[in-house]
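Residue-level listing of the chains:
Number of protein chains: 6
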Amino acid sequence: MTDTVWMNQLSWVDYQARVQRDQPPVLLPVGALEQHGPHLPLGTDGLLSSAVAADTAARVGGLVAPTLSYGYKSQPKCGGGQHFCGTTSVDAATLIGQVRDAVREFARHGLTKLVIVNGHYENQWFLIEGIDLGLRDLGPGAKLQVMRLEYWDFMTPDTLGDVFPDGFPGFALEHAAVLETSMMLHYHPSLVRMDLLPDDGPADFPPYDMYPPRTDWVPASGVLSSARGSDATKGRLLADEVARRMAEAIASGFERPAV
Amino acid sequence: MTDTVWMNQLSWVDYQARVQRDQPPVLLPVGALEQHGPHLPLGTDGLLSSAVAADTAARVGGLVAPTLSYGYKSQPKCGGGQHFCGTTSVDAATLIGQVRDAVREFARHGLTKLVIVNGHYENQWFLIEGIDLGLRDLGPGAKLQVMRLEYWDFMTPDTLGDVFPDGFPGFALEHAAVLETSMMLHYHPSLVRMDLLPDDGPADFPPYDMYPPRTDWVPASGVLSSARGSDATKGRLLADEVARRMAEAIASGFERPAV
Amino acid sequence: MTDTVWMNQLSWVDYQARVQRDQPPVLLPVGALEQHGPHLPLGTDGLLSSAVAADTAARVGGLVAPTLSYGYKSQPKCGGGQHFCGTTSVDAATLIGQVRDAVREFARHGLTKLVIVNGHYENQWFLIEGIDLGLRDLGPGAKLQVMRLEYWDFMTPDTLGDVFPDGFPGFALEHAAVLETSMMLHYHPSLVRMDLLPDDGPADFPPYDMYPPRTDWVPASGVLSSARGSDATKGRLLADEVARRMAEAIASGFERPAV
Amino acid sequence: MTDTVWMNQLSWVDYQARVQRDQPPVLLPVGALEQHGPHLPLGTDGLLSSAVAADTAARVGGLVAPTLSYGYKSQPKCGGGQHFCGTTSVDAATLIGQVRDAVREFARHGLTKLVIVNGHYENQWFLIEGIDLGLRDLGPGAKLQVMRLEYWDFMTPDTLGDVFPDGFPGFALEHAAVLETSMMLHYHPSLVRMDLLPDDGPADFPPYDMYPPRTDWVPASGVLSSARGSDATKGRLLADEVARRMAEAIASGFERPAV
Amino acid sequence: MTDTVWMNQLSWVDYQARVQRDQPPVLLPVGALEQHGPHLPLGTDGLLSSAVAADTAARVGGLVAPTLSYGYKSQPKCGGGQHFCGTTSVDAATLIGQVRDAVREFARHGLTKLVIVNGHYENQWFLIEGIDLGLRDLGPGAKLQVMRLEYWDFMTPDTLGDVFPDGFPGFALEHAAVLETSMMLHYHPSLVRMDLLPDDGPADFPPYDMYPPRTDWVPASGVLSSARGSDATKGRLLADEVARRMAEAIASGFERPAV
Amino acid sequence: MTDTVWMNQLSWVDYQARVQRDQPPVLLPVGALEQHGPHLPLGTDGLLSSAVAADTAARVGGLVAPTLSYGYKSQPKCGGGQHFCGTTSVDAATLIGQVRDAVREFARHGLTKLVIVNGHYENQWFLIEGIDLGLRDLGPGAKLQVMRLEYWDFMTPDTLGDVFPDGFPGFALEHAAVLETSMMLHYHPSLVRMDLLPDDGPADFPPYDMYPPRTDWVPASGVLSSARGSDATKGRLLADEVARRMAEAIASGFERPAV
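Chains as they are written, first to last, in my numbering: chain E, 82 to 340; chain F, 82 to 340; chain Z, 82 to 340; chain D, 82 to 340; chain X, 82 to 340; chain B, 82 to 340.
Quick caveat, the hints were computed from the structure, so don't treat them as lab data. There may be inaccurate statements among the hints.
On the chain B side, residues computed to face chain X include the following (Cβ under 8 Å) [claimed, not checked]:
| # | residue |
| --- | --- |
| 1 | L91 |
| 2 | V100 |
| 3 | Q104 |
| 4 | L114 |
| 5 | L123 |
| 6 | G124 |
| 7 | C166 |
| 8 | G167 |
| 9 | T175 |
| 10 | Q179 |
| 11 | T237 |
Distance ranges between label pairs, derived from CB positions [what the hints assert, rightly or not]:
| # | chain 1 | residue 1 | chain 2 | residue 2 | range |
| --- | --- | --- | --- | --- | --- |
| 12 | Z | R102 | F | L219 | 27 to 33 Å |
| 13 | X | R189 | E | P288 | 44 to 50 Å |
| 14 | E | D234 | B | T296 | 19 to 25 Å |
| 15 | B | R325 | E | D234 | 33 to 39 Å |
| 16 | X | R189 | D | P283 | 53 to 59 Å |
| 17 | X | F252 | D | G248 | 16 to 22 Å |
Calculated lysine-lysine pairs in the DSSO-like style (CA-CA distance at most 27 Å, straight line) [what the hints assert, rightly or not]:
| # | chain 1 | residue 1 | chain 2 | residue 2 |
| --- | --- | --- | --- | --- |
| 18 | D | K224 | F | K224 |
| 19 | F | K194 | Z | K158 |
| 20 | Z | K158 | F | K158 |
Heads up, the beta-carbon is just placed ideally off N, CA and C, and yes, glycines get one too.
The task is simple: from the sequences and hints, build the whole structure.
Now the structure itself:
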């Protein structure tokens with residue numbers, strides 16, 4: 082039991098022993114419950130962020146805390162928007178509070194390395210605020226450091242070049258598209274319906290946003306660019322690179338500079 | 082894929098179809114990350130509330146939303162208290178906000194039946210406030226009704242008599258004791274360390290609480306009464322009764338009285 | 082004037098002298114403005130919590146701070162619910178804030194012993210959060226300790242046996258019933274209308290709650306179990322025991338364990 | 082019982098009958114727990130606001146809700162400041178929340194006239210915000226109107242001329258001075274210690290405020306101008322005028338202009 | 082560039098040098114966007130508070146931070162009320178938060194003297210709360226002191242006597258009247274429309290407030306007393322006195338008393 | 082006076098007339114007080130966002146509301162970070178609240194078109210939340226629509242190609258670099274110190290963030306990439322294109338699709 086990476090499967094006694102002996106990094110995945118087209122499940126962002134967190138934890142002797150499964154409100158340009166049935170989001174204050182509390186609690190455990198693994202683009206700035214408020218609560222002497230990352234930022238141009246032989250179109254429209262679909266085919270193939278891939282996209286957005294959102298800007302499927310070309314091999318390639326490079330970042334990133 | 086009870090495994094298209102066709106109840110499990118002695122994992126409350134939610138959902142054609150895995154702060158008399166390493170809790174405002182947001186979002190989906198399945202005693206009143214604020218936001222014409230329950234309240238005296246042949250000592254000290262341990266042996270036997278059962282308890286508390294908490298009131302193991310006598314058969318008996326009776330409650334409880 | 086237990090009747094000079102000389106406990110009663118059937122006044126919870134606080138303070142040389150007269154929202158199973166005219170409640174955040182502020186302020190006075198005397202079941206968890214946040218604000222070096230109690234928990238089985246010769250039915254439905262009515266007959270007989278005692282109850286509730294609340298679950302009178310058999314003698318018996326045992330708790334409960 | 086003005090002494094049945102039959106104004110006194118020199122009690126502001134509210138209610142067939150006994154933080158120029166032992170205040174958010182909740186709840190009762198009777202200068206703007214937010218919550222169709230007043234604004238120049246034969250020095254330094262002391266001698270003579278009247282004041286303040294407050298600006302007694310000359314006759318004169326004129330205001334002030 | 086008083090025109094390098102070398106006071110003007118009759122612009126309160134802040138800063142070697150241009154909600158008796166088109170206000174929590182953040186940030190810069198220059202009557206108490214919370218966040222050892230002032234309190238009776246040869250009617254109705262109009266004629270003559278001066282006022286208000294506000298209490302022009310007699314000479318006289326006396330206050334007010 | 086674009090220079094009467102007659106768009110600039118290297122002033126983001134807002138308003142008959150001058154906390158990768166003296170930021174809740182209030186107030190005026198012109202990258206997601214909460218407060222029937230934009234998104238690849246003859250390096254490190262410096266040379270040449278241009282950058286950041294921030298990642302000057310090559314001609318080119326294209330967006334973007 083004690084070699085699991087999943088923190089919620091450890092007894093407190095085992096967890097405490099790990100913390101005191103190894104100062105392990107704890108990875109906190111943050112996802113969303115958000116439409117991902119007809120071919121991917123609502124929980125895609127949480128499933129992927131926890132999967133890469135687990136792979137990374139296995140490489141660095143880390144633990145994975147329970148995923149925050151509800152993310153910030155979906156926006157048309159990055160997630161399709163809040164008008165889709167099934168998308169279930171939280172207000173900024175809720176997500177900020179959840180992260181703030183987590184920072185405070187993990188510091189109380191004596192942890193020194195917390196890694197927040199974001200899998201939903203819209204979450205980023207509320208994670209930042211939650212971390213900032215949590216560290217402010219702890220005061221200047223706290224031993225806990227926090228790393229925050231979006232997992233896709235660990236994909237290299239080389240690998241993206243392999244995945245997109247015709248050229249990587251950029252992360253902007255990568256919602257329920259090749260990257261996520263391939264990684265889901267790698268991690269959770271039974272949850273992907275390749276027979277239902279829509280042909281929508283790429284969506285074309287103006288350089289501004291409108292509120293209430295213009296639902297007519299978004300394809301009815303919720304997919305912003307095509308997932309054609311996705312396969313599990315690409316998914317493994319991406320997943321391996323992300324986990325390997327995240328592990329390297331964790332290995333070196335917590336060392337404070339000499340003062 | 083579409084016969085799963087897990088909402089996060091459904092695409093939005095499948096979810097929407099289910100909602101529009103069946104008006105299924107959605108069950109939202111709420112747990113905690115909290116010490117449960119040396120023999121049970123930190124995630125026990127979330128694991129059990131989601132397991133009984135899934136069993137119940139299967140009986141009523143319902144769905145299970147992603148678990149809220151972090152609960153309100155552990156109190157000495159019911160969960161041992163916040164001084165244990167590994168217990169990772171949230172402030173009242175965070176939990177209230179999470180539930181408030183969920184109520185608002187599920188109503189937007191067109192859902193009429195939301196069931197909040199609580200597995201952590203300390204959560205109860207903050208769930209109540211979250212539901213109340215969410216329904217207030219929706220206004221008087223909302224079609225969504227919310228059922229809130231603590232799953233152990235569905236255990237009957239008869240069954241408890243069977244589980245405790247020497248007499249049921251009451252729910253007060255049932256933290257990491259026979260009920261939870263037996264149900265974990267039923268649902269997640271690999272996560273239970275029966276070889277590490279402590280002999281602590283029953284704890285004896287005065288009729289008041291002190292803050293900062295008196296950690297000396299609580300056994301060092303975190304167990305408030307003994308888990309001796311736990312077994313998977315008892316666990317299944319309890320789990321079956323809970324799921325069966327929760328299903329009955331859901332089948333009848335959402336019917337509004339004639340006005 | 083200076084021998085009063087009521088803090089609001091003391092000048093600040095007298096209060097300061099008491100605090101510096103005696104380190105008296107200050108008792109903060111918390112009530113509600115909530116329906117209590119046709120025979121008891123809306124202010125019952127505040128009247129009773131302040132009365133037992135005053136009796137207790139007299140025994141221990143303590144002071145009683147002004148009552149928090151508005152409590153958390155009434156729930157059908159313990160107070161009848163919010164649909165009764167006259168019930169006047171506060172949101173969780175308000176009650177939490179009030180207690181948090183009080184903790185901070187009494188600590189600033191140099192007080193070491195604050196006793197929060199709750200007379201309204203629904204308040205309990207919001208008092209806990211208020212205390213926790215207040216103490217967090219004060220930081221780890223604070224000298225103030227807080228005791229929180231529900232006054233009815235100081236009634237012993239023996240006394241309850243005397244009050245209920247046919248067996249104590251439990252606290253669950255004790256709203257506007259024999260305990261509260263008897264204590265009101267002891268403390269405030271002119272405010273009790275024994276001629277208007279309803280015959281409702283005992284109410285029978287399912288093992289779950291519905292929101293919006295099912296008002297048809299609650300007797301129209303607001304009384305959850307009968308107050309027949311109430312009398313002032315029982316009230317005095319209960320009041321004396323509560324005050325005596327609360328005084329004992331205060332006398333011993335603030336001593337910190339040797340470390 | 083039913084002819085009392087104190088809402089907390091009425092049963093909900095009697096209260097509801099009054100509301101439905103008479104549409105009575107409900108007066109909500111707001112005070113403070115704040116130093117008032119060595120001669121007046123800490124609760125002066127709550128005692129006076131509830132006393133004038135009760136006198137007024139008796140004249141207009143109104144009711145008095147339980148006093149909000151804790152007010153906003155004392156400021157040097159109007160109440161001496163927060164550094165006095167015994168002064169026990171709340172944050173702005175707490176007072177705002179309390180009033181917001183009250184507005185919402187009294188509207189739910191079917192009430193049309195709520196009168197907030199302020200007895201602590203520092204409260205004023207937070208009462209305004211609480212009322213505004215409460216009415217915003219109710220929406221544009223609400224039937225409840227709210228009157229807010231500081232009771233001393235109902236004293237006429239003629240009466241102030243009688244009370245101060247050498248000329249009324251203005252309300253600015255009237256903290257624990259002639260007006261409050263005289264009214265306390267009228268309403269609560271046993272709580273006034275005329276033998277302890279300090280000779281401090283009038284205090285002299287610059288046209289700005291400093292934070293942290295300059296405690297050396299405030300006389301050590303906490304009294305900003307002398308209470309010499311206070312007597313119960315003056316107190317009754319003031320109290321009668323205030324109650325009479327408040328009653329007139331309530332009688333006419335709730336009539337909406339023809340549109 | 083470096084001799085400007087406007088902080089937003091300095092580079093961070095120049096600002097830091099000023100702070101470290103001179104410990105300059107930083108003045109933070111707070112205004113409103115609020116109707117000021119047909120003859121004055123909506124931004125009058127911000128324009129005047131920043132103008133007097135700049136004049137004062139020039140005298141004391143201080144800096145002026147960017148104005149908070151949105152103030153607390155306009156009230157009928159002091160600003161006409163929220164029903165005027167163009168009045169654009171913030172909730173209490175927003176203004177409190179803005180000031181709290183500013184206090185914390187200026188303290189981080191190493192600043193010791195912050196002067197909050199209020200130009201909108203309704204702001205006062207929310208500025209007080211913001212300062213209090215900011216200083217509480219900083220803790221007892223902070224070096225930053227805050228001065229808060231309403232600029233009109235620096236006008237002397239002598240000068241007011243000159244400006245109002247028939248007697249100063251008091252500040253109560255001075256909204257868009259002689260003082261503000263004269264000062265605007267001094268500072269921003271092109272923004273004043275003397276040809277549009279209304280003849281309204283003085284308004285006559287009862288000694289209480291009603292909510293929702295009685296818009297019929299307020300002249301349709303929004304002017305509470307006449308601005309007849311305003312001229313730039315009077316404006317300069319007032320502006321000079323205010324700046325001179327504010328400068329004196331800043332020069333002496335930050336010296337802490339010997340302990 | 083009435084042909085000004087600055088809302089705060091209009092009387093309420095003129096503003097109301099404009100709103101009722103023309104339904105003008107109101108542009109709300111949002112900036113920051115943040116280090117911009119030794120050569121640009123702290124207020125750069127507010128100065129630029131208000132300048133492009135004014136240019137745009139002049140083209141579309143719009144108005145410019147007072148700038149929100151304090152932005153969200155500076156991050157190392159986009160603004161250098163909070164450790165620079167002079168950077169003066171607000172918490173998320175403050176910025177969210179300010180925008181929420183603005184949305185509500187402009188809707189009350191009868192406005193239908195609000196354009197939030199962001200000039201500080203870190204603000205974006207808190208503006209989104211503020212808009213969302215404000216529109217939620219207004220309810221589904223509101224006539225106000227909100228456009229939100231970052232002004233640099235209106236620069237076309239062609240123009241960026243002209244400005245960067247060696248290739249546009251991307252917006253990521255464009256803090257106090259060629260784009261901002263050129264635009265400041267166009268709009269506010271006296272506030273730019275070209276003699277102090279640092280040679281720092283381009284900064285090189287890892288694909289994650291650390292908290293507390295790693296100040297050693299950021300050049301000591303605060304400049305993330307060189308501003309060499311900036312000139313006023315480029316600034317005008319950029320400014321003209323931004324204003325022209327923003328004007329086009331406003332002209333067409335508020336038309337709702339036929340339903």
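Status of the hints after comparison with the structure:
1. Contact between L91/B and chain X, as hinted, is supported at the beta carbon level, the nearest pair being about 6 Å apart and thus within 8 Å.
2. Contact between V100/B and chain X, as hinted, is supported at the beta carbon level, the nearest pair being about 6 Å apart and thus within 8 Å.
3. The interface hint given for Q104/B is violated, since its Cβ lies 13 Å from the closest Cβ of chain X, which is over the 8 Å cut-off.
4. With its C-beta approaching chain X no nearer than about 6 Å, L114/B sits inside the 8 Å limit, and its interface hint holds.
5. Look at L123/B: its Cβ gets to within about 5 Å of chain X, closer than 8 Å, so that hint holds up.
6. Nearest Cβ of chain X to the Cβ of G124/B: about 3 Å, under the 8 Å cut. The hint holds.
7. For C166/B, the interface hint holds, the least distance from its beta-carbon to any beta-carbon of chain X being 4 Å, beneath 8 Å.
8. Contact between G167/B and chain X, as hinted, is supported at the beta carbon level, the nearest pair being about 4 Å apart and thus within 8 Å.
9. Given the 8 Å rule on beta carbons, the hint for T175/B holds: about 4 Å separates it from the nearest Cβ of chain X.
10. The criterion of a C-beta within 8 Å of any C-beta in chain X is met by Q179/B, whose closest approach is roughly 5 Å, and the hint holds.
11. Annotation: T237/B was flagged as interfacial toward chain X, and the flag is violated, the nearest CB pair being 30 Å apart, outside 8 Å.
12. In this structure, R102/Z and L219/F break the distance hint of 27 to 33 Å, their C-beta atoms being roughly 55 Å apart.
13. As the Cβ distance of R189/X to P288/E is approximately 35 Å, the hint placing it in 44 to 50 Å is violated.
14. As the Cβ distance of D234/E to T296/B is approximately 21 Å, the hint placing it in 19 to 25 Å holds.
15. At roughly 34 Å, the beta-carbon separation of R325/B and D234/E lies within the given 33 to 39 Å, and the hint holds.
16. The hinted range of 53 to 59 Å is not satisfied by R189/X and P283/D, whose Cβ atoms lie roughly 40 Å apart.
17. Taking 16 to 22 Å as the suggested C-beta distance range, the pair F252/X and G248/D conforms, at roughly 20 Å.
18. A C-alpha spacing of about 26 Å is found between K224/D and K224/F, which places the hinted pair at or below 27 Å, so the restraint holds.
19. Proximity of K194/F to K158/Z is assessed by CA-CA distance (about 21 Å); at most 27 Å being required, the pair is judged to hold.
20. Distance check on the hinted pair: K158/Z and K158/F sit about 23 Å apart at the alpha-carbon level, within 27 Å; holds.
This entry does not satisfy hints 3, 11, 12, 13 and 16, going by the numbered hints stated previously.
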